[in-house]
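**Q** Sequence:
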Amino acid sequence: MSTENEAVLPLFTWFHQHPEVGHTEFATTQKIKETLKGMGLEPQPLGTLPTGTFALIKGSHPGKTLLLCSVPISMPCRWQKRQR
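At position 22 of the sequence shown (counting the first as 1) the number is 21 in numbering that gives the first Met the number 0, and the numbers step up by one without a gap.
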């Protein structure tokens, strides 16, 4: 398994084991903040949104800015067994 997979797989698993409905992703936001801190970044609040966060990654050279965005929204659904 690659190093990237070793880092991402536990997060992928955690997010799928702890689903939260859109705009109530408090545990998800906390997990993202902890992960960013573990990477040496400083999570910042995203405006007044209680479930938003971001971190600024500064390079050592001047130049263009790149924005990476992830929107962790899930919607409730009911599974129905199909009649055959």
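Watch out, some of these pointers could steer you wrong.
Listed next, the in silico DSSO-like pairs over lysine-lysine satisfying Cα-Cα at most 27 Å (straight line) [stated by the list, open to error]: (1) K57 with K80; (2) K63 with K36; (3) K63 with K80; (4) K57 with K32; (5) K63 with K32.
These are computed hints drawn from the structure, not numbers from a lab.
**Q** Taken at face value, is the distance from the CA of K80 to the CA of K57 at most 27 Å?
**A** violated, 50 Å
**Q** For the pair supplied as a hint, K63 and K80, is the alpha-carbon distance within the 27 Å limit?
**A** violated, 51 Å
**Q** Decide if the proposed pair is consistent with the structure: K57 and K32, CA atoms, cutoff 27 Å inclusive.
**A** holds, 17 Å
**Q** Is K63 within 27 Å of K36, Cα to Cα?
**A** holds, 24 Å
**Q** Taking only the CA atoms, is the gap from K63 to K32 under or equal to 27 Å?
**A** Holds, at roughly 25 Å.
Violated hints, in rising order: 1 and 3; the structure is consistent with all others.
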